[in-house]
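**Student:** Given the sequences, and given the hints that come with them, work out the whole structure.
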Amino acid sequence: MDAVFLALSHQTRRKILDIVQSMPGSSVADVTKYFDGISRIAVLKHLDVLEAAGLIVSQKVGRRRELFFNAVPIQMIYDRWTTDYSRFWATRALDLKYMIEQQVKNTKP
Amino acid sequence: MTQTKQLVHRVIIKATIQQVWDALTNEGEVLPFFFGSVMHTTGLKPGAQLRMRTPNGKYTGVVGEILEYDPPYRFSHTFRFTNFNDPPCKVTYVLKEVDGGVEFTLISDDVPCGTKTESQMAQGGGFITKVLKSMVETGRPSLGYRLLLMLIRVMPSPAVCKTENWPLDRPL
Numbered sequence: 000m001d002a003v004f005l006a007l008s009h010q011t012r013r014k015i016l017d018i019v020q021s022m023p024g025s026s027v028a029d030v031t032k033y034f035d036g037i038s039r040i041a042v043l044k045h046l047d048v049l050e051a052a053g054l055i056v057s058q059k060v061g062r063r064r065e066l067f068f069n070a071v072p073i074q075m076i077y078d079r080w081t082t083d084y085s086r087f088w089a090t091r092a093l094d095l096k097y098m099i100e101q102q103v104k105n106t107k108p
Numbered sequence: 000m001t002q003t004k005q006l007v008h009r010v011i012i013k014a015t016i017q018q019v020w021d022a023l024t025n026e027g028e029v030l031p032f033f034f035g036s037v038m039h040t041t042g043l044k045p046g047a048q049l050r051m052r053t054p055n056g057k058y059t060g061v062v063g064e065i066l067e068y069d070p071p072y073r074f075s076h077t078f079r080f081t082n083f084n085d086p087p088c089k090v091t092y093v094l095k096e097v098d099g100g101v102e103f104t105l106i107s108d109d110v111p112c113g114t115k116t117e118s119q120m121a122q123g124g125g126f127i128t129k130v131l132k133s134m135v136e137t138g139r140p141s142l143g144y145r146l147l148l149m150l151i152r153v154m155p156s157p158a159v160c161k162t163e164n165w166p167l168d169r170p171l
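Chains as they are written, first to last, in numbering that gives the first Met the number 0: chain A, 0 to 108; chain B, 0 to 171.
These aren't lab readings, by the way, just hints derived from the structure by calculation.
Incorrect hints may appear among the rest.
Quick list of the computed label-pair ranges, beta carbon to beta carbon [as the list claims (entries may be wrong)]:
| # | chain 1 | residue 1 | chain 2 | residue 2 | range |
| --- | --- | --- | --- | --- | --- |
| 1 | B | G99 | A | Q102 | 46 to 52 Å |
| 2 | A | L93 | B | P54 | 33 to 39 Å |
| 3 | A | E100 | B | G99 | 38 to 44 Å |
| 4 | A | Q20 | B | E67 | 24 to 30 Å |
| 5 | B | P166 | A | E100 | 51 to 57 Å |
| 6 | A | T11 | B | V97 | 26 to 32 Å |
| 7 | A | A41 | B | D109 | 29 to 35 Å |
| 8 | A | Q101 | B | G99 | 41 to 47 Å |
| 9 | A | E100 | B | N164 | 45 to 51 Å |
The C-beta atom is built at its ideal place from N, Cα and C for all residues, glycine as well.
**Tutor:** Rendered as structure tokens:
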């Protein structure tokens, strides 16, 4: 679990997970395009950390490396600290937060 | 043409590869990780028909055809929910021995985007991976999941899922 928290502790790596989750099968080049001022080498290093934590699964297809987001390590964190009872109330609390924040956003000019 | 996507779920299971394989390919018994269904086939080999039925055999939730059967490493079959009118996708289970256990990977291919099949596969993949791990490591799924299975079992199934619509001896 240390590897998962280490991987999630960096903004760029969380952003990489967002990108790969929304586009399963992305290549390293696809991911690099989303970052200004971050080299391909740096992206590759971040990907190694994410893969070591099991958050990214990659497979070679010819010369291309396809990347996939793996939700299981995050589900394991969730399972460790969440019960059916806390899930119920935490979901309600978050739904309320999202709803109110959306309303505030909509009323702004 | 419908756009499709591939989804991947991976976990390390603390068990032998044979234990994981046996749990995964157990025919004729209730599979807790597969939502309490029972697998029926015309033989565990490529080309065979596969049906996932309720324990009483009355309803069939998933139909497919076996594509690969390579014990204890790889099992792959086509996959279609009988209650959704979506094109079939493909499910592949890959087992690999690693330090500390077995790396279990569930790959769903050709998942039609924006369909009910997609949301079911995204949720179902996590469920199967997790419950299989808990089952093989501890002998049975966690309490929360046993309760969820009971809930699934009492939910009514639509008429289209009736087993007489999906016989094994009629290829898809």
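**Student:** Verify the CB-CB distance for A:E100 and B:G99 against the hinted window 38 to 44 Å.
**Tutor:** At 43 Å between Cβs, range holds.
**Student:** Cβ-Cβ distance between A:T11 and B:V97: within 26 to 32 Å?
**Tutor:** Once the Cβ atoms are compared, 28 Å apart, the range 26 to 32 Å for B:V97 and A:T11 holds.
**Student:** Would you say the C-beta atoms of B:G99 and A:Q102 sit inside 46 to 52 Å of each other?
**Tutor:** holds, 49 Å
**Student:** For the pair A:A41 and B:D109, does the Cβ-Cβ distance stay inside 29 to 35 Å?
**Tutor:** holds, 34 Å
**Student:** How does the Cβ-Cβ distance of A:E100 and B:N164 compare with 45 to 51 Å: does it lie in that range?
**Tutor:** For A:E100 and B:N164 the Cβ distance comes to about 47 Å; the hint holds.
**Student:** If I claimed the Cβ atoms of A:Q101 and B:G99 lie 41 to 47 Å apart, would that claim hold in this structure?
**Tutor:** holds, 44 Å
**Student:** Determine whether the Cβ-Cβ distance between A:Q20 and B:E67 falls within the hinted range of 24 to 30 Å.
**Tutor:** holds, 27 Å
**Student:** I want to verify a distance hint. Is the separation of the beta carbons of B:P166 and A:E100 within 51 to 57 Å?
**Tutor:** Given a distance of about 53 Å, which is inside 51 to 57 Å, the answer is holds.
**Student:** Does the beta carbon distance between A:L93 and B:P54 stay inside 33 to 39 Å, or does it fall outside?
**Tutor:** At roughly 36 Å between Cβ atoms, B:P54 and A:L93 fall inside 33 to 39 Å, so the hint holds.
Consistency with the previously given hints is maintained throughout, with no hint failing.
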